[in-house]
Structures are given as structure tokens and as C-alpha cells.
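Trainee: If you want the building blocks of each chain, they are given just below.
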Amino acid sequence: MSTADAHSHLPCQTVVELLTDYLEGALDPATCARVEHHLSLCPPCVTYLDQLRTTMELVGRLPADTLPPDALEELDAAFRGFHPPPAGP
Amino acid sequence: MSVQVLDRLSGGEVSVDPTAVAPARPDEELVARLRAGDAEAFGQIVRAWTPVMLHVARAFVSSHASAEETVQETWLALVKGLDTFEGRSSLRTWTFHVLANIARRQGVRESRTVSVAALDGTGGGPTVDGRRFRGSEDQWAGGWRAEAAPRAWGPEASVLSGEIRGLLATALEAVPARQRVVLELRDVAGLDAEEVCGILDMTPVNQRVLLHRARAKVRQQLEDYYTGKNQEQP
Ligand SMILES: [Zn+2]
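Residue numbers (numbering that gives the first Met the number 0), protein chains in the order written: chain A, 0 to 88; chain B, 0 to 233.
Hints in this document: simulated from the structure, not taken from any laboratory.
Just to be clear, a hint being listed does not mean it is correct.
Stated by the list, open to error - Pair ranges (Cβ atoms, derived): (1) 82(B) / 39(A): 58 to 64 angstroms; (2) 63(A) / 37(B): 20 to 26 angstroms; (3) 144(B) / 72(A): 39 to 45 angstroms; (4) 76(B) / 40(A): 51 to 57 angstroms; (5) 202(B) / 52(A): 22 to 28 angstroms; (6) 72(A) / 160(B): 29 to 35 angstroms.
Unchecked claim - Mimicking SDA-like on lysine to any residue, the simulated pairs with C-alpha atoms at most 20 angstroms apart in a straight line are: (7) 79(B) / 17(A); (8) 216(B) / 84(A); (9) 216(B) / 17(A); (10) 79(B) / 70(A); (11) 79(B) / 80(A); (12) 216(B) / 21(A); (13) 216(B) / 70(A); (14) 216(B) / 80(A); (15) 79(B) / 79(A); (16) 216(B) / 23(A).
Every residue, glycine too, gets a C-beta built ideally from N, C-alpha and C.
For reference, chain A alone in the conformation it holds in the complex:
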């Protein structure tokens, strides 16, 4: 049996729960090495990781939400009211 080195076995079920920590660089070096070793041997987990990345990428392209136009106009008017530009020549 191998010891808890980079090549010791991590089951897929554990790996999928570590992938955000992995992407965030939050795993300790030993666990990170074990995850990377697992990924190098396990295409389905690589697929899962790719799909998490695709998910992040797709939600990142959702249109930005903003205030309705009349609310934005009201803010602009309030700003101009409170902070008029210095009087011109």
C-alpha cells in the first residue's frame, strides 16, 4: 500500500468536492498534488472540471443587471442638483 503521497488514491467522489478549492488555489500542496495526479488518470473527472469551468464562464457572460432608465435619470438629476459644476466664464 502506498502512503499518503501524491500518488495515493483519492476517489472521484472526493475529487469532485475539492474542485472549487482546487481552482481557488486553496488546497494544501499535498492534496493539490493528489488531485492533479487523479486528474491525470481520470478523464471523467477532467470532464467534470471542464464543465464546472464552462458553467462559470457561461454565468459570467449573463447580461449585467442595472437600474431602470427612469431611476438612472433621477440619480443623474440628483447628482447635478447637489454638485453643480463650477460656474463657467
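Once you have looked at the hints, place chain B with the ligand on chain A.
Mentor: Positioned in the frame of chain A, the structure of chain B with the ligand alone reads:
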């Protein structure tokens, strides 16, 4: 706040040269421009910060309309408070503190019994259905079962069609609120982990747990969609 974040939050409209200025300077300059009545500068920060502010407000109040009112009220507070702003924190940090206070008060007024921001949301079982893995009696316990392993979605998965946009909106609504807010701030609005922890007052570990749970749920909705589509033509 890092220059990268500033840059992103400015919507790319305000150029920040990392070599030219100390971190405090762009903010001083911004405040000076606003006090001098630069409506263009005000419009820029409204455009850049409002989407993120709406996500944050939504963590405390019960409806989208209420979130909009909260953000509107925050901007008015900034307009009125600009002359008394002391610059002890960045204008952006100050604005988000004001926002969180207004949103919290509004949440209480709406008598949300428990505000989303106070919920934990880190509990719960594994994020992937345990039946997709081999059981403990198996030599490869915890490994994907061949028939249940994830399959590549194909090139179409990179296209954000109207249908996928709708699916994502529905999927996000179904994610528990606290997880959703973290995902929205990180993956939709593009804030970094440190900022999200500061705004929502949570630990980095909790932030990652919530983020992972939310991502896994949305991924699952996409998988159901793409797998269902591929099975339509057997
Ligand atoms: Zn695996």
C-alpha cells in the same frame, strides 16, 4: 482593493495605470472629480457598481424591486454624503457599507424572519448524486460508475443562447439564496474572494463552500439539459 478589481469595476472606462499611482490616489481623484460636479464620472461609477450592488442588496431583501430601491437609495446617500466623506476607506468600500446597512434595515422592514445574509447555507450532503459512484463493496469505491460518468457536452455548450440564458436564470433562482449571492458576486460580477468575504462578512472557507455548492447545482442543470438533448436522437 487590487488595481485589477478597480479596473474591472470601472467597466474599463477609467484607466488605472498601476505604475503611476499609489493605491489611494485613483480614489482621491475620483472623489475630487465628483465633488467638482463631474456628472460623467458619476455616471461611470453608477454603471460600473450598480450590477454588483443589486446582487448584494438581493442578499438582504425579498424582491428584485426592493433591491432596486435599496440601490437607488444608496446612490442618493452617496450624492448627499459626498461632501462629508472622509476618505478613511475607499469610496467604493464606503458605498457598499452604506448599501449593506440600508439593505439590512429594509430586510427587517420586510420582516424577513431570517435574512439571507444570516443564513448559513454551507450544510448539506455531497454536491453530486452518490448513486453515480461505485459503492463501498466495489474495488473502485467512490469512482464514477461507467454509465453515470459525466460526458463531454460538445462545442455547443460554449454558446450562450437565449435558451441557455433562460435556463441559467431559472437554475440560479433555484439555488439557495446565500449560495446564489456568492456565485453571483464571484462568477457573474467577477469580484475576487477577498472582496466577497468582506461584503458578506464571511470566512474564506465558507465562501468557497457556498461557491462550490452553487456551481455544482448550476452545472447539474446544464448537464440535465445537454444530456436530455443528446438522448433525443438515439
Ligand atoms: Zn475521477
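Trainee: If a hint holds in the structure, say so; if it doesn't, say that too.
Mentor: These are the hints, each one checked on the structure:
no.: 1; hint: 82(B) / 39(A): 58 to 64 angstroms; in the structure: holds (59 angstroms)
no.: 2; hint: 63(A) / 37(B): 20 to 26 angstroms; in the structure: holds (23 angstroms)
no.: 3; hint: 144(B) / 72(A): 39 to 45 angstroms; in the structure: violated (57 angstroms)
no.: 4; hint: 76(B) / 40(A): 51 to 57 angstroms; in the structure: holds (56 angstroms)
no.: 5; hint: 202(B) / 52(A): 22 to 28 angstroms; in the structure: holds (25 angstroms)
no.: 6; hint: 72(A) / 160(B): 29 to 35 angstroms; in the structure: holds (33 angstroms)
no.: 7; hint: 79(B) / 17(A); in the structure: violated (46 angstroms)
no.: 8; hint: 216(B) / 84(A); in the structure: violated (50 angstroms)
no.: 9; hint: 216(B) / 17(A); in the structure: holds (15 angstroms)
no.: 10; hint: 79(B) / 70(A); in the structure: holds (16 angstroms)
no.: 11; hint: 79(B) / 80(A); in the structure: holds (10 angstroms)
no.: 12; hint: 216(B) / 21(A); in the structure: holds (18 angstroms)
no.: 13; hint: 216(B) / 70(A); in the structure: violated (34 angstroms)
no.: 14; hint: 216(B) / 80(A); in the structure: violated (46 angstroms)
no.: 15; hint: 79(B) / 79(A); in the structure: holds (11 angstroms)
no.: 16; hint: 216(B) / 23(A); in the structure: holds (18 angstroms)
Figure legend: structure checked against the earlier numbered hints; hints not met, in rising order: 3, 7, 8, 13, 14.
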